[in-house]
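Undergrad: For reference, the chains in residue letters:
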Amino acid sequence: MLKFLTKRLIQTIPVLIGVTILTFSMVLLIPGDPAQIMAGESASPEQLEIVRERLGLNDPIPVQYFDYLSGVVRGDLGNSIRSGRAVSTEVFGRLAPTVELAFYSTLLSVFIGIIAGVVSAVRRYSLSDTLIMFAALFGLSMPNFWLGLMLIQWFVIGTGWFQASGWGTPQQMILPVLTLGTAGSAIIARMTRSSMLEVIDQDYIQTARAKGVSEKMVIYRHALKNAMVPVVTVVGLQFGSLLGGAVLTETVFAINGLGRLIINAIRARDFPIVQGGVLVFAFLFVFVNIIVDVLYRFLNKRIDLN
Amino acid sequence: MQEEVNLNTGDPSGQQFNSNVVRFKDFMKKFYRNKSALIGGILILALIIIALIGPYLTPYGPNTQNYGNLLAPPSTEHFFGTDHHGRDIFSRIIHGMSITLRVGFTSVLIGMTIGVTLGVISGYYGKWVDTIIMRCMDVLLAFPGILLALAIVAVLGGSLNNVIISVAIFSVPVFARISRGSTLEVRELEYVEAVRSLGASDFRIIIRHVLPNIMSPIIVQATLNIATSVLTASGLSFLGMGAQPPTPEWGAMLNDGRNYMWNAPHITMIPGLAIVAVVLAFNVFGDGLRDALDPKSRN
Numbered sequence: 000m001l002k003f004l005t006k007r008l009i010q011t012i013p014v015l016i017g018v019t020i021l022t023f024s025m026v027l028l029i030p031g032d033p034a035q036i037m038a039g040e041s042a043s044p045e046q047l048e049i050v051r052e053r054l055g056l057n058d059p060i061p062v063q064y065f066d067y068l069s070g071v072v073r074g075d076l077g078n079s080i081r082s083g084r085a086v087s088t089e090v091f092g093r094l095a096p097t098v099e100l101a102f103y104s105t106l107l108s109v110f111i112g113i114i115a116g117v118v119s120a121v122r123r124y125s126l127s128d129t130l131i132m133f134a135a136l137f138g139l140s141m142p143n144f145w146l147g148l149m150l151i152q153w154f155v156i157g158t159g160w161f162q163a164s165g166w167g168t169p170q171q172m173i174l175p176v177l178t179l180g181t182a183g184s185a186i187i188a189r190m191t192r193s194s195m196l197e198v199i200d201q202d203y204i205q206t207a208r209a210k211g212v213s214e215k216m217v218i219y220r221h222a223l224k225n226a227m228v229p230v231v232t233v234v235g236l237q238f239g240s241l242l243g244g245a246v247l248t249e250t251v252f253a254i255n256g257l258g259r260l261i262i263n264a265i266r267a268r269d270f271p272i273v274q275g276g277v278l279v280f281a282f283l284f285v286f287v288n289i290i291v292d293v294l295y296r297f298l299n300k301r302i303d304l305n
Numbered sequence: 003m004q005e006e007v008n009l010n011t012g013d014p015s016g017q018q019f020n021s022n023v024v025r026f027k028d029f030m031k032k033f034y035r036n037k038s039a040l041i042g043g044i045l046i047l048a049l050i051i052i053a054l055i056g057p058y059l060t061p062y063g064p065n066t067q068n069y070g071n072l073l074a075p076p077s078t079e080h081f082f083g084t085d086h087h088g089r090d091i092f093s094r095i096i097h098g099m100s101i102t103l104r105v106g107f108t109s110v111l112i113g114m115t116i117g118v119t120l121g122v123i124s125g126y127y128g129k130w131v132d133t134i135i136m137r138c139m140d141v142l143l144a145f146p147g148i149l150l151a152l153a154i155v156a157v158l159g160g161s162l163n164n165v166i167i168s169v170a171i172f173s174v175p176v177f178a179r180i181s182r183g184s185t186l187e188v189r190e191l192e193y194v195e196a197v198r199s200l201g202a203s204d205f206r207i208i209i210r211h212v213l214p215n216i217m218s219p220i221i222v223q224a225t226l227n228i229a230t231s232v233l234t235a236s237g238l239s240f241l242g243m244g245a246q247p248p249t250p251e252w253g254a255m256l257n258d259g260r261n262y263m264w265n266a267p268h269i270t271m272i273p274g275l276a277i278v279a280v281v282l283a284f285n286v287f288g289d290g291l292r293d294a295l296d297p298k299s300r301n
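First to last, the protein sequences are chains A and B. The working numbering puts the first sequence at residues 0 to 305. The working numbering puts the second sequence at residues 3 to 301.
Since the hints were made in silico from the structure, they are not lab data. Any given hint might turn out to be false.
[Said to hold, decoys possible] Simulated crosslink set (DSS-like; lysine-lysine; CA at most 27 angstroms straight-line):
| hint | chain 1 | residue 1 | chain 2 | residue 2 |
| --- | --- | --- | --- | --- |
| 1 | B | Lys129 | A | Lys6 |
| 2 | A | Lys210 | A | Lys224 |
| 3 | A | Lys2 | B | Lys129 |
Excised from the complex, chain B in its bound form (with noise of 0.2 angstroms):
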């Protein structure tokens, strides 16, 4: 850590600091600041403890059917009313709430590993291995939107399981483009040449100086990421091709809910509405860490 210089602040005395304590203080001090990000934190927080412990509270079993009290409208023996099956939506919902997040984390972390390796790869090394990574992104770049995790769904077969997989290829490039360039600006700041100069290793240099300068868009990314793909995997699921019946995802619960729209319309408003909810506390959180990481950015 001698080598490094304090690149928050370009002052040579920051030497001195361990520079990745200086950067954390500064981070956690523009994040307590900066409003959306902290109210998104809570969210997000909030959303966690619901969906670690709320199953153990939930009123009914998420499956559990009761014909004598069919497309029930929201009451106080049933907060948001019961569905087709006489099931209990607001435990359903409350038990699909870790399906989501474990999508959305799951997938945003495969995907954000594999293409943060294949980014800063081809942004460290450069010629030829830059060339082949990068075709091979633009290559599934090119399939528009929820097309290509859908093509990927159709190929393996409709489960979870395939809808986290490939969730996590669609976001691959994103990332990977993202590292790329942040990797080419950190590649050529001096003190990564002096530090190549003293012969440390390319593994050392990448692990211990490009990772760590490139983490703050990395990041911000995963975040906006994990709002982009539940709203995938919802929609994945929606069309039938993700989780399967009983199972209370959200997306499923919304297609299921679609043949009675006439007659009990909230079996279809509130799957969405929660849906929306937990992409809103990802997206104002990322837009909040964006701020506070990047100064550009900040309006």
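Next comes chain A alone, as it looks inside the complex (with noise of 0.2 angstroms):
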């Protein structure tokens, strides 16, 4: 396992140095002089020389982005151009609701995802199979952004039980966990559905049927365990793509997390924040990506040995 860690973890080093070139290019490829939007319009030719001197806007660009991966390496993302503030506090500061946000969302996702899944997958062709796959479809094919705000419409505007901005109290979060979730749910609901059939189908459950083990215990006991194997992937992957729509979700809630930072970080075009932001964002989906694998092998193993 450890062996497996270590192998994963040096795989993971030309990815996240890829990363760093691509959010350093970022700069380089704005259309325009970046001196002059990050000084402003009204800058005087001494002063864009001073910013272009600070930001090392005059040395080549080998030696920029050498200078921009040790000062990611030792943690220093710069400063902000609005705030003058370092990027890694503003960051880092706005972290925590967009963990928490995904994770929620992630949690909510493998709870209505499986049990529907299964639902569905048990009682093949049935009614409640087809409206819960057709729900599901349903869930896949919404923008979250616009869930989110019908959910304004209906449960803060039309009954007032919830909050529609800030994040904290069980007000302010369970509508945005609830927008985040539902195409997670849709999707893990598919995959537990075809993942069980597949399972169900194989010789051993209908071995286990025909020594007598009650249907409740091979489709708990038996079926669902080797199915989850699968559906455990796809978790890992929805973690890591709510990630990426809580940008939209936290802009629809007013959520001060990292993906509103940088939204209006684009809109004050404050690139170092952009750069910062994007960079963290993509680290962080990096590693969770690492530990699904363990997580997966892990799992593997285990079945592997029964």
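Two chains, two frames, a set of hints: combine them into the complex.
TA: In structure tokens, the structure reads:
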């Protein structure tokens, strides 16, 4: 296991370097003079020169990149143009709500998704199967920002049960989690159903049935456990894509997370913040994927041993 | 074509037929038998027709303002009501259809072309070419969800064309991975080996033998990807990073309506339903295609 983990971590290094190259190039690719954008329209040539010197824009590009990379390694992501504060402080200060939102939404989608998927698979081709699968398809086809607005319409404006901004109390958290968790539930339900159906048709399940094991035992002890292996991978990928989806959900519900920070920074053309925020998002996603891989392997091994 | 064996049946007598024709007929048979593919196909056709001729038939112009009739709820005069500039929402939705479909189709077409090219090269040549291309794809995949598209639009600036470019780049790695995997399988087939030993060039093998054999999973992915692309693109416009006003783009319309949710909820409700309709149609079609083309996943 340790060997696998080490190998997996080493494999990640080129990807992480690639990510830093991309986030670094973002600033190079901005049309126009980055110094002009950062200093503002009214900056004098002298001020521009100062900004250029401070950002290292006069150095050759490879030198600029290595300066950037060594900064990243030391945890120095530059300073915000607007507030002047360190990007790392701004970004990590906003990380908690985003991770919490993605985490709770993943939990919700695992809960709803697995129950719906199992019910659907056990009652294949029944009315409940059809309804669940149609609901899943609908959930998959909804823009989550629209769902968020509709939930605000019904439960904030309509009934006043919940709040439509901020993060912390249940009144603030339930609707965003529901918004972000819906598409995830749909994907996990579909995955669980097809994975269950595949397992149910296997010989050992038939054998268990023939041996007189009760149907409940067959489904929950034998089938579900084996069907969960591919589902774990999807859950892991979901957590990642929910991190991305949080950008829109945070905007709809005015949650001061990392996603909203990035959006506001794009609007304010505060590129160091955009750069740093995107980088942290990508690093987070890569590490979540490693954890999923390890978990997947662990589950697979246990089943092999059994 | 002489050297080809019918891959679907594994029947050597397939040599006498043009295997592509057999494959196509087989596909059409499965396609008609598959209800969701048929329903999805009809829905998509209907959407395309609306996009093409709808704009000539709308009762009002998409940007015709009427300040005497602001935020009106749906009625017989205005099927979907009017917005904060008194514009007819029904007309704007119809005009927005072609924008949505254009963004979906173009971005997937671009992403697919680049992705499949990279994936086939990667799978066919293997070794260091494969390593370099697939590591680059891993880097693109390291940005979760909409974030990669968002970062690209942040750099290029908000416009509909930049949305198409960013969504296209966003879908490149998916196509690269799928076509690489399929190419690896096809490359090992005996008859491909045989063609190679007959002296066919790599280019010829790829065009004549690899590509036709890996098309099914790619077509399925393309269909489902149009759904994702429409969602991503409307998300970018909703954030104000895509189509700029007064373009009747649905994501942008949704964003416009946010300020009037208290007294005119239909302004946000209707563009969202329109997005759902389009995405649903492509998802249903894609699911059906997958079942028709891949017998393994038919449950």
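Undergrad: Which numbered conditions among the earlier hints are violated in the structure presented, ordered from lowest to highest?
TA: none
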